[in-house]
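Chains as they are written, first to last, in my numbering: chain A, -5 to 283; chain B, 5 to 383.
Keep in mind the hints are simulated off the structure, nothing from the lab.
We put the CB at the ideal spot given by N, CA and C, even for glycine.
It cannot be assumed that every hint is accurate.
Said to hold, decoys possible - Label pairs and their computed distance ranges (CB to CB):
| no. | chain 1 | residue 1 | chain 2 | residue 2 | range |
| --- | --- | --- | --- | --- | --- |
| 1 | A | Ser251 | B | Glu40 | 40 to 48 Å |
| 2 | A | Ala259 | B | Lys380 | 24 to 32 Å |
| 3 | B | Pro137 | A | Gly94 | 29 to 37 Å |
| 4 | B | Pro305 | A | Asn219 | 47 to 55 Å |
Claimed, not checked - Cross-link-like lysine-lysine pairs, in silico, PhoX-like; alpha carbons within 20 Å at most:
| no. | chain 1 | residue 1 | chain 2 | residue 2 |
| --- | --- | --- | --- | --- |
| 5 | A | Lys270 | B | Lys273 |
| 6 | A | Lys28 | A | Lys139 |
| 7 | A | Lys270 | B | Lys359 |
| 8 | A | Lys139 | A | Lys280 |
| 9 | B | Lys162 | B | Lys204 |
| 10 | A | Lys127 | A | Lys139 |
Unchecked claim - Computed footprint of chain A on chain B; a stretch qualifies when at least three of its residues, placed anywhere within it, have a C-beta under 8 Å from a C-beta of chain A:
| no. | segment |
| --- | --- |
| 11 | 118 to 129 |
| 12 | 314 to 322 |
One-letter residues, chain by chain:
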Amino acid sequence: MSIFIDKSTRLVVQGITGRDGSFHAKQMISYGTKVVAGVTPGKGGQVFEGVVPVFNTVADAVRETKANAAVIYVPPPFAASAIFEAADSGIGLIVCITEGIPVLDMTRVLPFVAERGARLIGPNCPGLISPGKSKVGIIPGNICKAGKIGVVSRSGTLTYEIIHQLTTQGFGQSTCVGIGGDPLIGTNFIHCLSAFQADAETDAIVMIGEIGGTDEQQAAEFVRNGVTKPVIGFIAGQTAPPGRRMGHAGAIISGASGTAAEKMAALERAGISVMKRPADVVPLLKERL
Amino acid sequence: MNLHEYQARDILRRHGIPVPPGDVASTPAEAKAIAERMGGTVVIKAQVHAGGRGKAGGVKLAKTAAEAEAHARAILGMTIKGLTVQKVLVAPAADIVSESYVGIIVDRASQRPVLMVSAAGGIDIEEVAAKTPEKIHRLAVDPRYGLLQHQALMLGFKLYSEVNQARAAADIMQKLYTAVYAVGASLAEINPLVTTPDGKVQALDAKIAVDDNELDRRPDIAALRDPTADAPAEVAAREAGLTFIKLEGTVGCCVNGAGLAMATMDLVKYYGGDPANFLDIGGSSNPQKVVAALRIITGDPHVKAILFNIFGGITRGDDVANGIVQATQQFPLKVPIVIRLTGTNEREGIDILQKAGFAALGDMDEAVKQAVAKAKGAA
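My request is simple: use the sequences and hints to build the entire structure.
Written out as structure tokens, the structure is:
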């Protein structure tokens, strides 16, 4: 099995005729993802690469092709609107790759998406891949291999590094999810940990966090109370400088400074095996499996 | 992007929040002129993007215009937390009865703008929050409806028992909330919100941080950027589309992606070295970005070795390799370079590097070990 995407995923690509959208649409098609539609307003009626029908709106695409997932490659000024549109059209899984969406836009997007019952992954994320089944986003397919490790990460290229370590040392993946590095995101660590825990084909979970915020601490608490599968963790930014901070509100709201040391300690307290460096992932997995 | 106090005060004033008078000066003479115009005792405040200005000697009271000039002369040019003071705010010294705190921040946990208020405002507000969290009152605002009047008034009564002051504070909170969405702020803070002997409620000091992702659609706010507030190398990096933070070590790092860049710095430390910087060339694939990155890294005299760690996804190995070759043609490197290159188009990239006389590694740990050893060998 896998989480969130598999062979039944029918994908619509929003921004399919743009530079990034067209490049990655081709990559996803050649990986085997069922790309059933594209959307670019004003280009309805065209056919992308001779196979994928392009529509003016997501609603048209859903009606004509029964798309059930959307991936968004449109530029930042239009990306929030693209998420609203996908959710309003009944899409159940929305993956937003776009980087640079203002946080205040996301404060309005997230309640809307939740009310429509959709799952949003991202924004500012590399998407997800269930190796051998489907890929939605930009994670390079050739570094992945089908298997039983679930991967969830806030990062992009650091995720590739960890997947590379896993694949080259014989550990395939059930699903790899990049949840994105922005302050406000749709799907968080806990949602992914919960899905991996419920997935019969996932034997162990690798979670990759970063400094900032308290998402990893909350995820650690969730693992302690509700995850029985082995979890291996990594926190990037152990040597990052504290930075010049303005104002007090950040410290008041979380009561924590979000350092790597705090997060690593929280992970360890929850029984998560913590890597000191990416190359530790396979040795720690072998200890726990 | 952080705004200066005087810029934040202007924004508050434009949104109808009562802010005491005050003006900004770049020279002691200007400060003197403002003090004369204000009359009476004035306060001279350093305008830098750092907290703890008062404790660093950047805030002084002046009873006369001559004293204001002298204080401004001392404060202008002063360094606070590594930042040179270029401007001072000159404002009448307020007669203060009470100091409260009002802040709005976009909260990751509730995914909403959260209003936080406390009757125990002032410079020790973080200590108040840590030791007596019950003195901080919070409200997560539903962005579909905004901050409602009764919600603001409820918080106003947490600050003042007198109804007119509670109403005044509530009005200020609603206007501050409006200002947050109007300027694209990720944080807006009034600290302290004061009451004066005649019962008025005023915003004495303000801090606003604007979400960088808002700047493209708000050119008026983007124009408030103070280029002198950042290190020159950080300004150059921003102009080249890179993210760069200078550190104190000797291993210059150039990486694609922020998470991998941090993990690379951590690994430098793990193998006994010290990173000279954080540098993320981003997800695009432009050789010119690599040239700019190398120019910035080699501009740091403390760098004894350069480490590239590239895991190609959107970034293509051949583009990075071309950038390295072009850069070294423009300005020969004086320190050793270690290159780790894998992922998209790695074969093409390695070929380009080998033709130009560079070696490329496939393993991150091996590359970091070599870079640390070379930095130490050259030291």
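**In rising order, the numbers of the hints this structure does not comply with** = 7
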